[in-house]
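In this text, residue positions in the sequence shown follow our numbering: the first is 532, and each later residue adds one.
Keep in mind that the hints were calculated from the coordinates and are not lab data.
Careful: at least some of the hints might be erroneous.
Stated by the list, open to error - Listed next, the in silico DSS-like pairs over lysine-lysine satisfying Cα-Cα at most 25 angstroms (straight line):
hint : residue 1 : residue 2
1    : Lys-534   : Lys-617
2    : Lys-637   : Lys-590
3    : Lys-601   : Lys-573
What the hints assert, rightly or not - FRET-style restraints, in silico, Cβ to Cβ:
hint : residue 1 : residue 2 : range
4    : Lys-628   : Leu-651   : 29 to 39 angstroms
5    : Ser-543   : Leu-645   : 18 to 28 angstroms
6    : Thr-555   : Asp-620   : 25 to 35 angstroms
As the structure is a prediction and not an experimental result, all values here were calculated from the model.
Glycine is no exception: its CB is placed at the ideal position from the N, C-alpha and C atoms.
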Amino acid sequence: MAKNTILVVEDSPTNMILMTTPLTEAGYEVITAVDGEEALEKATGEHPDLIVLDVILPKKNGFQVCRQLKTAPDTQDIKIIMLTSKTQDSDRFWGTKQGADGYMTKPFDTDEYLSAVKALL
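Construct the complete structure from the given sequences, taking the supplied hints into account.
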């Protein structure tokens, strides 16, 4: 059985480690991107099963990336969890409006994070 591939998009090296380590330890194939444009390139080129997407990113923010992926026929079926420090109800609403399948805030609980990932795969 093939491993599920997850694209983690995060510009902070520390947060990248916190977000990718539990996924690799759980047996997922993890690819990474550090800005919105790289996220779009990898999502289109590698078509991961799931994207864990920060909102505050260089070049294109996570809301823009999510909207672009969810409106493109080739990538609209990829599940997206926004994982961000933006904790306002309006941020959560906006993320859902852009097409996010899940929305979590930092700091996050690893077990909840893995459960959210598993639920979408």
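Practice prompt. If any of the earlier hints don't hold here, list their numbers in rising order.
Written response: Of the numbered hints given earlier, those the structure breaks are 1 and 4, listed in rising order.
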